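Enquirer: Listed below are the residues making up each chain.
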Amino acid sequence: MKLKLKIWRQEDAQAKGGFQNYDVDGIDGDMSFLEMLDVLNNNLVNEGIEPIEFDHDCREGICGSCSLQINGEPHGPDRRITTCQLHMRKFKDGDEIVIEPFRAKAFPVVKDLVIDRSAFDRIQHAGGYISVNTSGNTQDANSIPIEKQNADDSFYAATCIGCGACVAACKNASAMLFTSAKVSQFALLPQGEVEAHERVISMVNQMDKEGFGNCTNTGACYVECPKGISLENIARLNREYLSASVFS
Amino acid sequence: MSVLESKIPEGPIEKKWTKHKNEINLVNPANKRNIDIIVVGTGLAGGSAAATLAELGYNVKTFCFQDSPRRAHSIAAQGGINASKNYQGDGDSDYRLFYDTVKGGDYRSREANVYRLAEVSSNIIDQCVAQGVPFAREYGGLLDNRSFGGVLVSRTFYAKGQTGQQLLLGAYSAMNRQINRGKIQSFNRHEMMDLVLVDGKARGIIARNLVTGEIERHSAHAVVLASGGYGNVFYLSTNAMGSNVMAAWRAHRKGAFFANPCFTQIHPTCIPVSGDLQSKLTLMSESLRNDGRIWVPKHEKDAKAIREGKLKPTEIAEEDRDYYLERRYPAFGNLVPRDVASRAAKERCDAGYGVNKTGQAVYLDFKAAIERYGKEKAFTSGHKNPSKEEIIKLGEEVVESKYGNLFEMYEKITDQNPYKTPMMIFPAVHYTMGGLWVDYNLMTTIPGCYAAGEANFSDHGANRLGASALMQGLADGYFVLPYTIGDYLAEDIRTGAISTETEEFEAAEKDVKDRIQRLFDAKGKNPVDYYHKKLGKIMWDKCGMSRNAKELQEAMEEIKELRDDFWANVRVTGKAETKNAELEKAGRVADFLELGELFAKDALERNESCGGHFREEYQTEDGEALRDDENFRFVSAWEYVGNPRDAKLHKEQLEFENIELKTRSYK
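In order, the protein sequence lines correspond to chains V and B.
Numbering-wise (our numbering), the first sequence opens with residue 211 and increments by one.
Numbering-wise (our numbering), the second sequence opens with residue 362 and increments by one.
Simulated from the structure, these hints should not be mistaken for lab results.
These figures come from a predicted structure and were not determined experimentally.
Some hints could be false.
SDA-like mimics (lysine to any residue), calculated; alpha carbons at most 20 Å apart, straight line [what the hints assert, rightly or not]:
1. Lys895/B with Asn256/V
2. Lys946/B with Glu260/V
3. Lys358/V with Ser440/V
4. Lys1012/B with Asp800/B
5. Lys763/B with Gly438/V
6. Lys936/B with Arg290/V
7. Lys358/V with Gln449/B
8. Lys300/V with Asn778/B
9. Lys936/B with Asn256/V
10. Lys358/V with Thr741/B
11. Lys358/V with Pro400/V
12. Lys358/V with Ser762/B
13. Lys936/B with Glu221/V
14. Lys377/B with Gly346/V
15. Lys358/V with Lys738/B
16. Lys358/V with Arg507/B
17. Lys884/B with Asn252/V
18. Lys773/B with Glu221/V
Partial chain B-side listing against chain V, Cβ under 7 Å, derived [said to hold, decoys possible]:
19. Asn484
20. Ile486
21. Gln523
22. Ala535
23. Asn541
24. Lys544
25. Lys641
26. Thr643
27. Ile877
28. Phe881
We put the beta carbon where it would ideally sit given N, CA and C, even for glycine.
Chain V on its own, in the form it takes in the complex (with noise of 0.2 Å):
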């Protein structure tokens, strides 16, 4: 199939960018989204032209690094998926597609398509990590039993992949999905409830100094999400930053 694509073209954080008009052709159903911009970044090459720049690593779903806003939806049309697992058979011929880097004052653009999204490493390195060493003095795996609802649900939360379509999905640019994941794996389980009161509160402190937006619980965050983060972890996250707030 034939393809407009419409793309956000940005020389780097301080210039001015704007959308620039490719054609491509030959783009086969099997192939995903970013091997069709593999083929237009060779043709480009051939043209002289230099490449778009876009994150993108693992391309199967797992690293976090694909992000992309495509026709105005985090990661695209499809759900459940990151960029690098949308296929072109989601699209027909003819088409036109726009695309642009996710947007959000705390993910500035590095270039094109590429955003710095440290701002989620400085929220883990706040709080989100269980305070202990790691030279295997520990006990026996076995000795804690950890109810499977409890150990599935903590589970649950932390396979977020930190890809950020949260915050570009929000309207405020919020990143409440993101942290209450990972405020919740630890809450969930005894090995992170000592120190729960202490995380929740550096890690809201610390999401809310990188400029992320509030919640207004208007769940397009989870709509979004490639990986469906419960928006229980939002509540749980309120109740753990409600309860530390009373009692510390």
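Please arrange chain B on chain V, whose structure you already have, making use of the hints.
Expert: Structure of chain B alone, referenced to chain V:
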């Protein structure tokens, strides 16, 4: 005596590691504060090493090309991590894990290293649980296990199909704790371009800031390379797009020997190639072989009809299916090791029984498992006389709870529903057992330069067992390297900070800049991908699942020609002073073009078949690998002397004192 000193401690195998830890030098906590360590790569090995070294008190700098350490490709590991916990009470032990790993590796790994790996494996699970890694649990609240290929016990711990992700996030969280304390400085979107040696010791690296293009100097008292494997030399692999050999190859060029480059793992269960413009292959976890049965049609005419779209797999009767693994290997069946399963699939497809359009695919079928689980579930929930529909519905639910995300991934890619029709799979390049040669302390042949995880060669021999990569990465990073590195650094307590304003750094920086300039100067006609794809095709066709002397020689010639063409005609657009993905790729492919030739040479000189290395000239009558222990019971460690084809071979003889050398049999 060889220049290769493995430094294996004396004494009985089960005492070696304890004895070694008791005898090596330590650095006192106050002195650790004056010592800097660079860790390149932040996957399981690098991330866990960085966290532990920082926790011990060293000043650590980490480097990764991704925008966050959490995105290293360990994250994509699906199935699980082995440990000899024996929670299932099925007779597991350190010795059994050790034995299975050595045997699985076709007796081409170092006994002492593998034993140590087995010995620390249990502790990894304890450690990860303490860190909040949410492993799968049973209803009683205890940890659950599953089985993997090449073993007869259940020792694999897992978190659905995202075990690598959960373990990496654990290591990343440990890193975060140290970053928050100021003990780790993490340089993301940075790529190591060269290793800097001062007086023969590794004392730093030259890195490129991938956002600004700036070439930076970083010094340290020791450098740890945990930069992963080189599977992307095949272009199409299950590795991430950015996975590359640059850090290891640059170290190799500076004097680190490269061991067993031809030992590559071709994983049997990947989604088959669908088109020419495909950029990567996706793995379907080995855990699926616990429940999936692999087959092709028994009759060639049926296979042909399927390829032509005239017949569906579900229409083929049970008696017309060839469950070839169960037929050939009754003892292990679908759970034979990866190299055996891959070759068997290739054998069937080459014989004309392959099933997709290209004839390069076999079926992985869950019908039997769905029925079995469905029946069990119906019984345990009180339906003693369930209908077929009920059984299938319940069975699908059980299968979904075990492998849901994998099935979903499969459906997204292929547009087919694997609950209703068998999956199609084919082998693909997945892991490299070869890597930088290291001694028992994980130090390469360059003093002060260490290699951990997939980047080193040490534990998996000629074939890695499933769920052992995660184990090795974390064992190296959490429990081995943080001890052994102290033995070397104990001599550095008075050295003081290493200056980057020296001629060695100057020269290395100049080399890096010149090399980048040469890439731009080529100003040719072909994009980088053009060369990478061509290289991949040579590697897959001539250095892939089966190899022979003639084709390996051809491969060496073709790779050399391609390399010459690359340097004359590659076209790199853009500038060096900005983010430039084409330039990044060009640098990586340039190194693959050298490594590929050494790979072929190594395969050519190893005149035997073992594990993943199958030489057509050396096979038994029924097509199994024929090892030659008399002449090839050694590690090939290659010294760089200027041209990959002229590399000098050093042999580390392998001694087997605790395991009897036998022909591997899974029958």
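Enquirer: For every hint, state whether the structure bears it out.
Expert: Hints and how they fare:
1. The hinted pair formed by Lys895/B and Asn256/V meets the criterion: a straight-line CA distance of about 17 Å does not exceed 20 Å.
2. Of the supplied pair hints, the one linking Lys946/B and Glu260/V holds, its CA atoms being roughly 14 Å apart against a limit of 20 Å.
3. A threshold of 20 Å between alpha carbons decides the hint, and for Lys358/V with Ser440/V the separation of about 18 Å falls inside it, so the pair holds.
4. Between Lys1012/B and Asp800/B, the direct Cα distance comes to roughly 13 Å. Compliance with the 20 Å bound is thereby established for this hinted pair.
5. At most 20 Å may separate the alpha-carbon atoms for a hinted pair to count; Lys763/B and Gly438/V meet this at roughly 18 Å.
6. Proximity of Lys936/B to Arg290/V is assessed by CA-CA distance (about 37 Å); at most 20 Å being required, the pair is judged violated.
7. Of the pairs offered as hints, the one joining Lys358/V and Gln449/B holds, with about 18 Å between alpha carbons and a cut-off of 20 Å not exceeded.
8. With a CA separation close to 17 Å, the supplied pair Lys300/V and Asn778/B stays within the 20 Å bound.
9. The hinted pair formed by Lys936/B and Asn256/V meets the criterion: a straight-line CA distance of about 16 Å does not exceed 20 Å.
10. Pair hint Lys358/V plus Thr741/B holds up; C-alpha atoms about 19 Å apart against a cutoff of 20 Å.
11. Among the hinted pairs, Lys358/V with Pro400/V is consistent with the structure: their alpha-carbon atoms are about 13 Å apart, no more than 20 Å.
12. Taking the CA atoms of Lys358/V and Ser762/B, the gap is near 13 Å; set against the 20 Å cutoff, the hint holds.
13. In summary, the hint linking Lys936/B to Glu221/V is supported, as the alpha carbons are separated by about 11 Å, within the 20 Å threshold.
14. With a C-alpha separation of about 18 Å, the suggested pair Lys377/B and Gly346/V falls inside the 20 Å cut-off, and the hint holds.
15. Using a Cα cut-off of 20 Å, the hinted pair Lys358/V and Lys738/B holds, with the two alpha carbons roughly 18 Å apart.
16. The hinted pair formed by Lys358/V and Arg507/B meets the criterion: a straight-line CA distance of about 17 Å does not exceed 20 Å.
17. Between the alpha carbons of Lys884/B and Asn252/V the distance comes to roughly 15 Å, so the proposed pair stays at or under 20 Å and holds.
18. A C-alpha spacing of about 34 Å is found between Lys773/B and Glu221/V, which places the hinted pair above 20 Å, so the restraint is violated.
19. Satisfaction of the interface hint for Asn484/B is found here, the shortest Cβ-Cβ separation to chain V being roughly 5 Å, below the 7 Å cut-off.
20. Below 7 Å, beta-carbon pairs count as interface contacts, and Ile486/B has one with chain V at about 5 Å; its hint therefore holds.
21. A hinted interface residue such as Gln523/B counts as satisfied when its beta carbon comes closer than 7 Å to some beta carbon of chain V; here the least separation is about 6 Å, so the hint holds.
22. Because the closest C-beta pair between Ala535/B and chain V is about 5 Å apart, less than 7 Å, the hint holds.
23. Among the interface hints, the one on Asn541/B holds; its C-beta lies about 5 Å from the nearest C-beta in chain V, closer than the 7 Å criterion.
24. Proximity of Lys544/B to chain V is violated relative to the hint, the smallest CB-CB distance being about 12 Å (cut-off 7 Å).
25. Look at Lys641/B: its Cβ gets to within about 5 Å of chain V, closer than 7 Å, so that hint holds up.
26. The interface hint given for Thr643/B holds, since its Cβ lies 5 Å from the closest Cβ of chain V, which is under the 7 Å cut-off.
27. A hinted interface residue such as Ile877/B counts as satisfied when its beta carbon comes closer than 7 Å to some beta carbon of chain V; here the least separation is about 16 Å, so the hint is violated.
28. The interface hint given for Phe881/B is broken, as the beta carbon of that residue sits about 13 Å from the closest beta carbon of chain V, more than 7 Å.
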